[in-house]
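As you go down the protein sequences, you meet chains S and Z in turn. Every letter in the first sequence is one number past the one before it in our numbering, and letter 149, counting from 1, is 149. Every letter in the second sequence is one number past the one before it in our numbering, and letter 121, counting from 1, is 121.
These are computed hints drawn from the structure, not numbers from a lab. Idealized CB from N, CA, C, for every residue including glycine. Please note that the accuracy of each hint is not assured.
Residues of chain Z placed beyond 12 Å of chain S at every Cβ, according to the derived structure [said to hold, decoys possible]:
(1) 55
(2) 64
(3) 146
(4) 307
Using 25 Å as the maximum straight-line C-alpha spacing, the simulated SDA-like pairs for lysine to any residue come out as follows [said to hold, decoys possible]:
(5) Z:117 - Z:217
(6) Z:77 - Z:201
(7) Z:227 - S:177
(8) Z:240 - S:171
(9) Z:77 - S:187
(10) Z:240 - S:166
(11) Z:195 - Z:106
(12) Z:305 - S:178
(13) Z:117 - S:187
(14) Z:231 - S:171
(15) Z:231 - S:184
(16) Z:227 - S:181
(17) Z:261 - S:171
(18) Z:60 - Z:89
(19) Z:305 - S:174
(20) Z:40 - Z:182
(21) Z:261 - S:187
(22) Z:60 - S:187
(23) Z:227 - S:178
(24) Z:231 - S:166
(25) Z:261 - S:177
(26) Z:227 - Z:288
(27) Z:60 - Z:36
(28) Z:231 - S:181
(29) Z:77 - S:166
(30) Z:227 - Z:214
(31) Z:305 - S:171
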Amino acid sequence: MDKLGQEWVSAAVDGEVDEHTLAELAADADSHEQWRDYHLIGDAMRGELPKTMSLDLSASIMAAIEQEPAMLPPQPVVEVVEDINEPVVKKTSNVIPLFKQFGQYAIAASVALVAVIGVQNYNQETLVESSPLPVLNTRPLIGSASPVSLQTGAVQQNQSYTNDQVADQRRRINAYIQDHMLQQRLNNGVNIDDNSEVDTTPVAQ
Amino acid sequence: MRLILLAILAMSFPAIAREDMPAKAWLENMSQALREQEFKISLIQLQADHIRPLVYIHGKVNDEEVAFLEHLNGPPKNAVRVGNTVTFIEHDQPAYSVHSSRIQGVIPAALADDVSKLEQGYQFVLGGRSRIAGRPGQLVRIIPTDTNRYGYQVWLDMDTYLPLRFDMISVDKQLLEQLLVVELIVLDEVPAILKEAYKQEWPAVMSQSDRDSGEDWQFSWLPAGFKVLIKDQHRLIGSKEAVEYIAISDGLANISVYVAKAGEAPLPEELVTRNGLSLATERVGNAEVVAVGKVPAETLSRIAKSIMLQ
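Chain S on its own, in the form it takes in the complex (with noise of 0.2 Å):
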């Protein structure tokens, strides 16, 4: 549709045009989706739009299902189904159906589509590892930093330090670290504007 058509419709959905040029709008199929779209652009200015609007997608999801062949394809679109072995298969396209049956459906309870989707995948992660102890699959995954004995420091410079100098580090760090620990729990009171003198507290762990 070039400009001039546009300018044409936009002027019919204003009703400035006569009944004739109307008539000629209503005849003209190509006109009638720019006219629906000014209608909506217009009532969206106006803040007249209804709370939930259907944006009309169920015509293309009709039409997508009509084009979707009647069997499934062996391969269905989801990616988990490769290389896995054949009780997870039957599950995964138990889904499937269903996402295509229920196609309009599955705009609104997208959600749960995903949440289920995603079950799915869990399962099959943990079929495919099988792992002995689960319980240590649920930590989090934490980079490979430094252990909290704190060796980093001092396994670097263990060239130049002598083992006294070495442990006289660590020990300063963790005196460090366990004052800070034990700081923690003697700041937090409310309005506390002085402190305790530290070498007569017990050793916080």
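Got chain S; can you put chain Z on it based on the hints?
Quick look at chain Z alone, frame taken from chain S:
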């Protein structure tokens, strides 16, 4: 039965308002819930290679908050809070009490405090919903406004607003520490253990009088929202080394800065542990400035460099 129906009815009305509640309101409700509700939560604390199961019970006796925290694994390690006094009962030392408004070390004290104090350093953003500990949870992200501190995520129970999960996340979005509630029980009445704790005589709060006021240290740079809480002089536990001490905090992240005589072997310039605790050292002449805290090591390094004597 009728009571339960009434309770459900009462809860369904706020549920409508909940739909468009801003993130800050969620946090404010959580803060209130942590202070006022009576509940028992079983939770696990995940740190790099540690998993600690804990139980936390909170209630009110004679209008005073009473709370009890127990470590379930390993040697007994408990903490009891009555009003503003927290007593730590640990296996390797006599019990001692400190003046504190929360039991430090599990649920961050800031979450039960005025959340608007955090607004200088963090933004609150509402996230999605998920099920935690069998309950519907609402995610609230506490996003740092700069890269000088870590971010946090908290999932709140949609009925009680109590926290169900609390994550600490590094600047590159790695999980550093997690608190995960496995069971939340809302109590109808104060449990016996809290009534006992309220009646019990606890050690007197440690004397806060005999401290030496520190030098007038100033910082030429601190990340937005960080404030100096305390300055003093004390001796490090363990090494007995005399240090000048400054505590700074933005509400969630606490940093300790020490100024001491430099040791024989220099400390590493930057050091990061896997649970996010970092340490940075800056040597000035024969003194060293050490900053420790759960913030990125670069932040600590910059803070250590920016300290000066007024």
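- Item | Violating hint indices (sorted, rising) | Violated hints (numbers, rising): 24 and 29; every other hint is consistent with the structure.
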